[in-house]
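Since the structure of chain L is provided, determine the placement of chain Z on it from the hints.
There are 2 protein chains.
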Amino acid sequence: MKAAFMYGAGDVRVEDAPEPTIQAPTDAIVRIVRSCICGSDLHGYHNMSASDQGRPMGHEMIAVVEETGADVGTVAPGDFVVVPFVSSDNTCVFCREGLHSSCVHVGYYGQIGASGLQAELARIPHADGSLVVVPGINPDTADEAMLASLLSLSDVYLTGYHAAHVGQVVPGKTVTVIGDGAVGLSAVLASRSLGAERIILMGRHTDRTDLGLEFGATDVVAERGAEGVARVMELTGGEGSHIVLEAVGLLPAYEQAYGIVRPGGIISRVGAPQYEDAPVGFGSLFGKNARLAGGVAPVRAYLEDAIGQVLEGSINPGRVFDRIVTLDEAPEGYAAMNDRTALKVMLRA
Amino acid sequence: MKAAFMYGAGDVRVEDAPEPTIQAPTDAIVRIVRSCICGSDLHGYHNMSASDQGRPMGHEMIAVVEETGADVGTVAPGDFVVVPFVSSDNTCVFCREGLHSSCVHVGYYGQIGASGLQAELARIPHADGSLVVVPGINPDTADEAMLASLLSLSDVYLTGYHAAHVGQVVPGKTVTVIGDGAVGLSAVLASRSLGAERIILMGRHTDRTDLGLEFGATDVVAERGAEGVARVMELTGGEGSHIVLEAVGLLPAYEQAYGIVRPGGIISRVGAPQYEDAPVGFGSLFGKNARLAGGVAPVRAYLEDAIGQVLEGSINPGRVFDRIVTLDEAPEGYAAMNDRTALKVMLRA
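As given, the protein sequences belong to chains L and Z, one line each in that order.
Residue 162 in this note's numbering sits at position 153 of the first sequence, with consecutive numbering throughout.
Residue 27 in this note's numbering sits at position 18 of the second sequence, with consecutive numbering throughout.
Chain L extracted, bound-state conformation:
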């Protein structure tokens, strides 16, 4: 089968790879309907050391089940499913609390030895916990917009939703979203779906912030750093933003976040932090009782509800995809996202 591998910075190759097989009775094998490239894949694209062993890429997919292990009971061959970006058993103490990304059996795709999901076929561990069936949809005849929205539930939209959820977005609060990438725009849409009326989007790419406005942003701030902070403070009457959703993962975005968060407010981060240490003392969080939340999104916890919203048409998160290429063309897809000529690239077989 074909699958995408990264061999170093800027070096993604689509190669023939052995087909995955059932290894545990809780496994399933799925076949790609659509996959895509994540902003977080670009971190390796920027800084991965060259290696002889390619890293299997991809962690987002909608798929059709091909084969199931003996212990799999909730999905069967032929089912059309969404694959959350981490696998989980959906039964452990953390899953029962809705924190599937801390499952005691949590699995990350794309590690050496595990499936990457930018591939024709993939092995899904703990398939009962990790796959959710999309009822009543035939992927061969569904329209492309519907497939895009379902695919976005694998990671990007529900990562944005997680930011808004743990940021405690409710009507009446001012929300500021830092970052006009696909996760940031998803956070705008999720905040809107949770009732936020005032949503300030910080981003400087007009084509992207335009989609943010369609998703529900009420203000766009193109300035960054101290100027961006000053502009948000001005927009909030000097008080700051009740909730700040940080969807970038770089230190300057975090610094912007504590600069604009209101006393007693919440910074919710979902951009995978490319830093470990950051300011948290008197001058940043402590002095104003600002709270810090967020982390790896437990997509699985939100998935059934979100599938329902997509099927009924109340949200259209798939609009973040602005290019479709074949799996063979994945290297061009990475290049397009890297040079920002594409917001988010979908892959089809």
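Calculated directly from the structure, the hints in this document are not laboratory data.
Quick partial rundown of chain L residues pointing at chain Z, CB under 7 angstroms, derived from the structure:
| id | residue |
| --- | --- |
| 1 | L108 |
| 2 | P272 |
| 3 | P282 |
| 4 | E285 |
| 5 | A287 |
| 6 | P288 |
| 7 | V289 |
| 8 | R300 |
| 9 | A302 |
Estimated spans, in silico, between C-beta atoms of each pair:
| id | chain 1 | residue 1 | chain 2 | residue 2 | range |
| --- | --- | --- | --- | --- | --- |
| 10 | L | T30 | Z | Q283 | 53 to 59 angstroms |
| 11 | L | E341 | Z | P180 | 53 to 59 angstroms |
| 12 | L | G322 | Z | L320 | 57 to 63 angstroms |
| 13 | L | D314 | Z | V113 | 36 to 42 angstroms |
| 14 | L | R213 | Z | D286 | 26 to 32 angstroms |
| 15 | Z | G122 | L | T350 | 56 to 62 angstroms |
| 16 | L | V113 | Z | D314 | 36 to 42 angstroms |
The C-beta atom is built at its ideal place from N, Cα and C for all residues, glycine as well.
Structure of chain Z alone, referenced to chain L:
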């Protein structure tokens, strides 16, 4: 009048100082009933550079009102009051939300030019917002234990309470308190008052942890660092603590906190951080969706309720005071807290 000043590390002097006077019509002048020394006063006692100008010390007091400015309406000469450790107007947008420590008129005692509260008399800005009357108590005849508990509401107990409150302590959650100082022990008592059943106290001074056990701690962990983390993980069945109240303010305590917090749990800090940068990335908070909360306690928000609890005898937070000296003896009080022969020192006129 007599007042305590710090001139450098280890150098506290009680000197004659000009009596404070009304400077704004919203001011009041109060006379000491009891004051005390705070753990945070010891930071300067350790590292203040020598100076010719003494810094007025102290930010905790119970007092009798001597004089009020023309615009003061809620307190009058003769009233017995608790003085919260920051002054606030109690009317601004942040005060109305219960975040008096972010009041637009917030004032810190002990700055050059402001009163310190380790003094016979003090000027209280925004007296209507900053002073709360203790009803039905005559400070001249009240017993010492009652005065101690009322004094603890000026800072130490309600700082511990703030940790538990923003840490979202509720019945059924495991709470771990890091630090057996007076704030840590107060956090134990507050957690108990909020219904926590399992309270792990991390501290290694037996006389202090013994009081912690009386306040409601169910387990004591004397180990620190990696050993302390391992011990708490063992006590929590490998899952970690839902809530961690960090009452120290030093980086090793914070590191211990993220080591023991459960996935999805909350670290609530009230020990004034003696660091600005700290780990918050994938390896500390983000990977397990741990949340960070806390800051400067808005004592004023909690004060009426807490006075009621003290008067009815349902809490006895004044037990953290284990030594009383005269204001003249403040230097000995600092030395005793510094060498840990006293937990918390009360000052009387």
